[in-house]
Amino acid sequence: MPIQLIEKSAKNLVLTVQEYSLFAQRAFMNLFRPPIYWPEFLVQSDIIGFGSLSIVVLSGLSTGGVLALQSSATLAQFGATAITGQFVSLTMIRELGPVLTGVMVSGRNASSMASELGSMVVTEQIDAMRALGVDPMRKLVTPRIAATICMLFFLTIVADACGIAGGGLVTVFMNHQNGTQYLDMAWEHLRYPDIIQGLVKPLFFGYILSSIGCFYGMRTSGGTQGVGRSTIQAVVWASVIIIFVDFLLTQVLLTLLPPL
Amino acid sequence: MNETGASAQYGQDEAPVVAFRNVSLAFDGPPILDDVSFSIAPGETRILLGPAGVGKSVLLKLVNGLLRPDQGSILLFGEEITSMPEEQLFPLRIRVGMVFQEGALFDSLTVRDNVAYQLIQEQVPDEEIDRRVRDALRFVELEETFDLYPASLSGGMRRRVAIARAFIRQPDMLLYDSPTGGLDPITSTTIIELIVKERDVYHTPSLLVTHRLQDALLLCNHRFDPEEGHMVPLPEGETDPGTTFLMLEEGRLIFDGSLNELIRSEDPFVREFLQ
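If you read the sequences in order, they're chains A and B.
The first sequence begins at 1 in the working numbering and counts up by one.
The second sequence begins at 1001 in the working numbering and counts up by one.
Derived by calculation from the structure, the hints in this document are not laboratory data.
Among the clues, some could well be false.
As the list claims (entries may be wrong) - Now the in silico label distances, taken between C-beta atoms and shown as ranges:
(1) E188/A <-> D1126/B: 54 to 60 Å
(2) L22/A <-> E1266/B: 16 to 22 Å
(3) S62/A <-> L1109/B: 35 to 41 Å
(4) Q1071/B <-> L22/A: 21 to 27 Å
(5) D1070/B <-> K11/A: 15 to 21 Å
(6) L15/A <-> Q1275/B: 32 to 38 Å
(7) Q1170/B <-> S62/A: 56 to 62 Å
(8) F28/A <-> D1267/B: 51 to 57 Å
(9) F28/A <-> Q1121/B: 49 to 55 Å
(10) H1203/B <-> S9/A: 52 to 58 Å
All C-beta atoms, glycine included, are put in the ideal place defined by N, C-alpha and C.
Starting from the given sequences, assemble the full structure and let the hints guide the process.
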């Protein structure tokens, strides 16, 4: 019995991966093929971009502040508190800015995509759309994916800036260090490979979180309970895969763009 | 089962609008549909009867390719759609109006935008859209709902808006999925009257799924009187010649014929259903 259970779970996992791969591939190809629904793209950009701004600003400020607090305590043991700015800016731009923004936005938007599309599936609105001759992949999924990729890129820049600002505020007002020195260190040790690394990641994370959110929404079954299940799965898998892909991407980007 | 039995009597010289040939479908278990064959002739209205859960809605979704069969072939407007890519199906689906069980209206759009959904995608000018939406809403006697959202409509009104959405492009084929399910008898009669009106005014071939025998009989025994503006009973003993029946039992098509043949059927399941 347990073997059969494992076999069934393994088959379900393989089937889900297969379905997601086909879904993600089709969604990606649709990004470059007409018709492109620009009004839907703009609406989704507003919902995903402007709507997520407050949580990205707050999480960026807090993370930068925490980084400054923790790093200055450690760096003080080596008499190196002067490099707090360098530490915060590099960590935010290369790693925490993209990952945190990806996870925060997936918590807000992958869940919203899964529940919105899932509700449409269980009330037959997706079938109605197909019956009316409109492809829901193009009309609903592609604008969400394009808007998320685009907006996550800018939200990451906002998160990076807020993180550096948060670190600066903590450095000046709580650690009582020199603000100019903090900013100088933050700026001077920043190199193009760091910036490229930090700006390439959100493109992948945006695609991952939106495609997973839409995928779980579109394969919803089982009524309102199914919508809840899809929402949870979308957030969990989007967050986990973002962190896993971050590891892979970091390896690749460090090889392609080694730090100077 | 004689596949061409009833449909051959109506529009027999013309190619069928829809033809099912030995269609079977299963989802992780016993077959939902098992070797189903039937056809719909031009101008014909077919009523698919059967208790809940026998695969009626599944069969309806196969007609316009929303679902694909495991076996057999389906012809829609003479084209084999069984293995047709989704993108090639869209032009065919535009020619088919479909009324879903609960209406399936887009809840974030107004009634106007719901009814005009296809026209908006085709970028028809706004003035023409407004005019055609008002015409369609007048047909279902719901002109006053033009600016409302589906959430503010009753179940029956939603069903009528869904009918207006299906009618607006004057489709070549209509599919009704339990259009009176869950409605009170008066509202059900209003919906059936709209279907009779559509049948007798536009003669669009249609497939109607229902488990309510009274609705099926109403459709068969009435005609739309354009002078009086509502449906009237046909003379005693007469039935609409273009309205015929199909019956499903556990995925198998067990009846295909006219009302008189249905009433005279010796099949125990049919007899039980009629009683």
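Do the hints match the structure? See the list:
Remark: the range hint 54 to 60 Å for E188/A to D1126/B is upheld by a beta-carbon distance near 58 Å. Range check, L22/A to E1266/B: about 49 Å between beta-carbon atoms, so the 16 to 22 Å window is missed. For the pair S62/A and L1109/B, the supplied restraint of 35 to 41 Å holds, since their beta-carbon distance comes to about 39 Å. Against the hinted window of 21 to 27 Å, the Cβ-Cβ separation of Q1071/B and L22/A comes to about 23 Å, which satisfies the hint.
Checked against the given bound of 15 to 21 Å, the beta carbons of D1070/B and K11/A, roughly 19 Å apart, stay inside it. For the hinted restraint 32 to 38 Å between L15/A and Q1275/B, the CB-CB distance of approximately 45 Å leaves it violated. Checked against the given bound of 56 to 62 Å, the beta carbons of Q1170/B and S62/A, roughly 59 Å apart, stay inside it. Restraint check, F28/A to D1267/B: a C-beta distance of roughly 53 Å satisfies the suggested window 51 to 57 Å.
Between F28/A and Q1121/B the CB atoms are about 23 Å apart, so this pair departs from the stated range of 49 to 55 Å. Distance hint check for H1203/B and S9/A: the Cβ-Cβ separation is about 54 Å, which falls inside the suggested range of 52 to 58 Å.
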